[in-house]
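> Residue numbers (our numbering), protein chains in the order written: chain F, 510 to 993; chain E, 510 to 993.
Copies of the same chain look alike in the list, so a pair counts if it works inside one copy or between any two.
Calculated pairs, DSS-like style, for lysine-lysine (alpha carbon to alpha carbon, straight line, at most 30 Å):
hint: 1; residue 1: 645; residue 2: 818
hint: 2; residue 1: 812; residue 2: 760
hint: 3; residue 1: 572; residue 2: 823
hint: 4; residue 1: 592; residue 2: 658
hint: 5; residue 1: 537; residue 2: 760
hint: 6; residue 1: 936; residue 2: 955
hint: 7; residue 1: 645; residue 2: 823
hint: 8; residue 1: 717; residue 2: 645
hint: 9; residue 1: 751; residue 2: 536
hint: 10; residue 1: 760; residue 2: 839
hint: 11; residue 1: 536; residue 2: 658
hint: 12; residue 1: 955; residue 2: 984
No lab work stands behind these hints: they were computed from the structure.
2 protein chains.
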Amino acid sequence: MAEDKKLVEAITSMDVDFAQWYTDVVKKAELIDYSSVKGCMIIKPAGYAIWENIQRQLDARFKETGVENVYMPMFIPESLLQKEKDHVEGFAPEVAWVTHGGLEPLQERLCVRPTSETLFCDFYKNIVQSYRDLPKVYNQWCSVVRWEKTTRPFLRSREFLWQEGHTAHATAEEAEERTIRMLNLYAQFCEEVLAMPVIKGRKTDKEKFAGAEATYTIEALMHDGKALQSGTSHNFGDGFAKAFGIQYAAKDNSLQYVHQTSWGMSTRLIGGIIMVHGDNSGLKLPPRIAPVQVMIIPIAQHKEGVLDKAAELKSILAGTKAFGEGVRVKLDDSEKTPGWKFSEQEMRGIPVRIEIGPKDIEAGRCVVVRRDTGEKLEVALTDIEAKIPELLAEIQKDMFERAKKHLEEHTCVATSFEEFNRNLDEKPGFIKAMWCGNQDCEDEIKEKTGATSRCMPFEQENVSDYCICCGKPAKKMVLWGRAY
Amino acid sequence: MAEDKKLVEAITSMDVDFAQWYTDVVKKAELIDYSSVKGCMIIKPAGYAIWENIQRQLDARFKETGVENVYMPMFIPESLLQKEKDHVEGFAPEVAWVTHGGLEPLQERLCVRPTSETLFCDFYKNIVQSYRDLPKVYNQWCSVVRWEKTTRPFLRSREFLWQEGHTAHATAEEAEERTIRMLNLYAQFCEEVLAMPVIKGRKTDKEKFAGAEATYTIEALMHDGKALQSGTSHNFGDGFAKAFGIQYAAKDNSLQYVHQTSWGMSTRLIGGIIMVHGDNSGLKLPPRIAPVQVMIIPIAQHKEGVLDKAAELKSILAGTKAFGEGVRVKLDDSEKTPGWKFSEQEMRGIPVRIEIGPKDIEAGRCVVVRRDTGEKLEVALTDIEAKIPELLAEIQKDMFERAKKHLEEHTCVATSFEEFNRNLDEKPGFIKAMWCGNQDCEDEIKEKTGATSRCMPFEQENVSDYCICCGKPAKKMVLWGRAY
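Can you make the complete structure from the sequences, with help from the hints?
Listed below in structure tokens is the structure:
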């Protein structure tokens with residue numbers, strides 16, 4: 510069995526070096542590969558299949574709220590990018606510039622979209638004339654480019670996949686309603702589908718999106734106590750509309766500016782799944798997002814009847830539903846040893862393993878192993894069709910509960926700067942602390958502790974009366990943390 | 510009713526100016542919009558929904574043959590693009606070059622992928638070691654960029670959406686088998702789903718893909734008699750493998766080069782659908798690809814009970830299946846006049862319209878109108894659930910038959926250059942004519958007639974013994990035509 514251990518031994522323990530553990534899992538679970546293009550990753554089949562599941566389920570939720578998909582050009586002319594002042598300042602330093610088309614230099618250089626607000630504004634300016642044309646609730650699935658200096662797979666790469674929703678509304682109220690609605694949709698998706706609990710809140714002015722009036726965020730907590738901004742939803746008010754001249758004739762015939770929003774989630778979520786759920790045996794995928802939910806591994810597969818029975822089991826399960834869809838089941842009948850197959854299935858995070866060998870068949874049962882707990886169950890073959898969907902639902906629920914408990918246990922309150930600092934070092938996680946509302950304090954905290962304001966949670970508490978930094982009267986409770 | 514006619518009057522008759530008719534339909538059916546980025550289009554909801562249907566159905570067919578999806582970087586370093594000589598010569602003149610990242614010039618410029626053979630080769634070189642790693646059957650859905658001088662929506666634009674499959678195999682036979690298999694899959698998809706008949710064949714050396722050993726194609730015939738190359742599948746032999754050094758250890762431990770293929774279809778297909786099926790009232794979508802299959806239009810909707818009955822009809826149909834999926838049905842209860850709604854539904858190519866008003870309800874029936882023929886049927890409300898799926902299947906079949914008949918009627922044989930020329934002018938379409946195999950003749954025909962060799966059809970006929978151009982003994986029957 511020496512060979513069987515190799516795969517697990519190939520990854521660093523998460524307690525020894527979390528960053529290295531992450532990189533090892535990403536590689537050994539075959540989610541990505543590095544490419545010849547610095548800072549850009551290749552998303553391999555096991556990684557892309559997770560993204561396909563995210564896309565499909567998120568897209569269905571979008572469409573239920575009236576979202577329509579479109580596709581915009583990937584290039585933005587420099588003059589268009591420059592139309593909204595804050596926006597261009599935020600993005601210009603990190604865009605890739607196209608200067609030549611074929612053998613000729615371009616008259617105006619084009620940037621590869623880092624985000625598409627400017628393109629949508631230019632579009633809306635042309636297609637919105639009357640209140641009858643509103644609202645526009647468009648979204649696109651695409652890749653974007655940001656020329657980052659340091660990169661990490663899924664978390665920060667020069668190109669990544671995402672969706673970006675862009676909407677235009679007649680009133681400020683409608684825009685705010687859409688902004689919050691999408692944030693709630695994101696939070697629900699993360700919690701229900703990715704089993705990843707999040708804190709909803711508003712970003713401080715320092716942390717908000719370039720050009721936004723308000724940015725809302727969902728913040729998740731990784732296993733190492735660092736925060737991951739997992740989705741954002743922005744209300745632009747009429748700022749972009751004024752910069753681009755997007756006006757409509759209202760019912761009373763007056764000319765009004767539209768109010769806009771945008772919201773996005775990306776392949777970064779895959780990094781979140783890894784760091785919230787993974788362990789020293791590798792990836793752990795919540796069943797609702799797992800490309801393969803059940804892996805059947807035959808024992809002594811050369812013996813008569815074993816592969817037949819395993820295949821029969823597979824077809825029974827494929828015809829069964831879990832979470833309203835057919836169970837995603839595979840049979841590993843390759844030449845590898847069962848032990849090697851076990852550790853592969855664990856590394857790849859497949860939620861349930863079924864072991865079936867000659868003795869099991871004789872006894873009319875199989876062994877079912879949960880990836881999340883390692884628990885082994887003996888299940889009668891006649892019960893398997895009913896048991897598996899139930900078990901998948903249970904695993905989904907338990908994984909969420911476990912992550913939720915971790916988040917709660919790693920969230921503490923600080924009422925003094927000392928306490929803040931001590932907490933950060935002793936039990937890394939979220940810290941709830943009061944803030945005066947002054948950016949100087951935010952800057953100072955970041956400089957001295959490395960922690961940033963993650964958000965001003967919607968659920969405010971009055972944990973003390975004074976700003977943790979300057980001691981002046983507090984305005985808001987902020988959730989702080991070191992972040993990816 | 511003057512207003513009702515406006516939409517139809519807004520498009521040029523196809524008999525007057527086919528190119529203008531196409532542009533008008535594309536705009537008035539709200540498939541695309543032009544953008545501020547020259548040569549790049551915005552795909553609007555009605556257009557993108559067609560692409561989503563293509564993607565979903567094509568992707569399912571891919572996966573049945575063992576295809577796995579991945580995502581590769583959108584940038585190709587210049588040195589990588591240059592590794593295969595023919596390939597770089599074919600693509601370098603039409604790529605967009607990124608020269609700056611953020612504020613700094615790049616050490617090596619990057620092109621935005623025009624196609625990703627080089628990236629996949631670089632990837633396979635790293636992940637293929639042994640025969641056990643083969644085959645690799647990967648695909649990606651993405652956008653690509655080609656810096657075209659003249660562009661047309663869907664048919665030729667600087668950025669377009671497509672899928673590109675890239676495979677690596679142990680043997681030449683396996684690679685050829687995959688190349689043909691994908692071509693057949695493409696042909697079946699076009700005929701079954703898009704109701705678009707195609708001719709399968711092999712490209713001449715002049716027309717093959719840059720770097721390929723053999724290129725296979727499916728060619729469709731548009732309403733104006735021009736050909737549209739609708740999908741291609743390439744066999745690279747071991748040419749790229751040698752250029753990139755992609756070798757594997759065979760069972761006998763010898764080092765062998767892999768054999769590769771690639772194959773792609775794009776948003777160009779949407780242009781094909783428009784030009785094969787459309788008419789002077791606008792778009793005509795085959796039911797299997799139509800984002801909305803049935804539009805219910807209430808008559809006198811302010812009258813009591815009309816909207817309720819229409820909504821009831823909608824929910825009945827949404828719960829019914831056609832082609833194995835829920836019927837895609839909408840109810841237009843907007844404030845517009847019924848006449849205006851009719852012409853909108855026609856312009857947008859929705860296959861079936863249901864009209865229902867107070868008199869219909871009283872009589873327990875509704876009026877069902879086919880978009881493809883204009884035929885009106887009275888259908889009892891109790892029969893509608895059974896009738897609609899049947900009708901959609903019939904429309905799908907009839908649209909294919911009609912397009913097939915058009916293709917056959919516009920395919921003729923020429924045994925002399927004169928006949929060839931006369932046919933091209935009098936009845937534009939495909940011409941079957943013999944060819945000696947010499948590129949000089951191909952060039953001469955193109956120069957003198959504007960027709961190119963579309964393919965050497967798999968179904969060869971001996972229509973004469975001599976080359977249509979030089980009169981020397983013929984080697985192949987070629988399908989010729991003017992093309993998009």
